[in-house]
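Line by line, the protein sequences are chains A and B. Using my numbering, the letters of the first sequence map in sequence onto residues 1 to 196. Using my numbering, the letters of the second sequence map in sequence onto residues 197 to 388.
Since the hints were derived computationally from the structure, they do not count as laboratory data. Mixed in with the good hints, there may be bad ones.
If you only want the chain A side, here are some residues facing chain B, beta carbon under 7 Å, derived [as the list claims (entries may be wrong)]: (1) F7; (2) V21; (3) A69.
Just so it is clear, the structure is predicted and the values come from calculations on it, not from any experiment. We put the CB at the ideal spot given by N, CA and C, even for glycine.
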Amino acid sequence: MSVAKVFTRGLWQEIPPFRLVLGLCPTLAVTTAAKNGLGMGLATTFVLVCSNVIVSLLRKAIPGKVRIAAFIVVIASFVVIVELVMQAYFYPLYKILGIFIPLIVVNCIILGRAEAFASKNTIVPSAADGLGMGLGFTLSLTFLGGVREIFGNGTFFGHAIMGEAFQPFSILLKAPGAFICLGVILGVMNLISAKK
Amino acid sequence: MSDYLLLIVSAVFVNNILLVRYLGNCPFLGVSNRMDTATGMAMAVVFVIVMASSITWAVQYYILNPFGLEYLQTIAFILVIAALVQLVEMFLQKSVPALYRSLGIFLPLITTNCAVLGVAVLVIQGEYGFVDMLLFSFASSVGYGLALILLTGIRERLAVAAIPVHFRGTSLGLMTAGLIALGFLGFVGMVH
């Protein structure tokens, strides 16, 4: 498979978390606004690309039996970097994402890509795979955050767009709204791809 | 005494770890198709969360804090959890084979269940003492099991209902979870 194809696969064909239903916790928890979704997505992309590269470089050195533990250590190191950088430079976002930044470690997308792709491929396709999946994840999170922000709060990236008379569906910003919104989007995506 | 009761009610219902704090959703949707797998997973989660929280609590207060290594929290916790799950698996296999057969297949899955790491981190953030930590981790995991079993009960029934074909499976599971979460929203305000 060519590098370009590996990259674009993450953007539609296997876009997480809609097609590859993994990493649901951050998807549901942080998408109360488009901006938070974008921030979470970019943080995850960084960890995903770096961990894919390192895992791919070490794929011959890591013994099969302890590979999961080894992958987790690699991922956790990059998560700590992200955590410290965000705490230093993006403090308000760090406060909002809160517990979900350390929890990037257990985001199944990252471990899943390390196991399913990076541990079997060379460095360039692995980086492309990480970047594609990461950007796909960012796109999905921003989209979901956008939908919830527009209908739940009447704003998009903080700008009011729905006019004065709009009554926000504030339930969308709470937990039930997150589940139902994601469920409906998944169903609609199944519908669209079935029509093709 | 009433403090402990409030802590338990709050962790099980008001701040349900799954439906309000959104932790541990992947296995939540993965194993909620059949009741026996769901109860197995629920028990395994209670067992691992209570053990993992106790050990990570000790690691935080007796190793990381005295040496000023708080920034290693994430790495240390996930390593402890991964090692613990592996040990528990080996121990159960050797000495309690009956329990191993019912919980065994769920244990490896639990390493990447964010509820385990999540509760461990929440315990540290909440600055709980040892007894509070035990109660909180137990009550949180019981809340997880409760939500999991509720969803499974509904999904087993929906499996035979006439649902538009594109909305079956995960999509419907998420919407069902949303409606259960709506029910749990009713508990908000009981405890702050």
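Verification of the hints:
| no. | hint | result |
| --- | --- | --- |
| 1 | F7 | violated, 25 Å |
| 2 | V21 | holds, 5 Å |
| 3 | A69 | holds, 5 Å |
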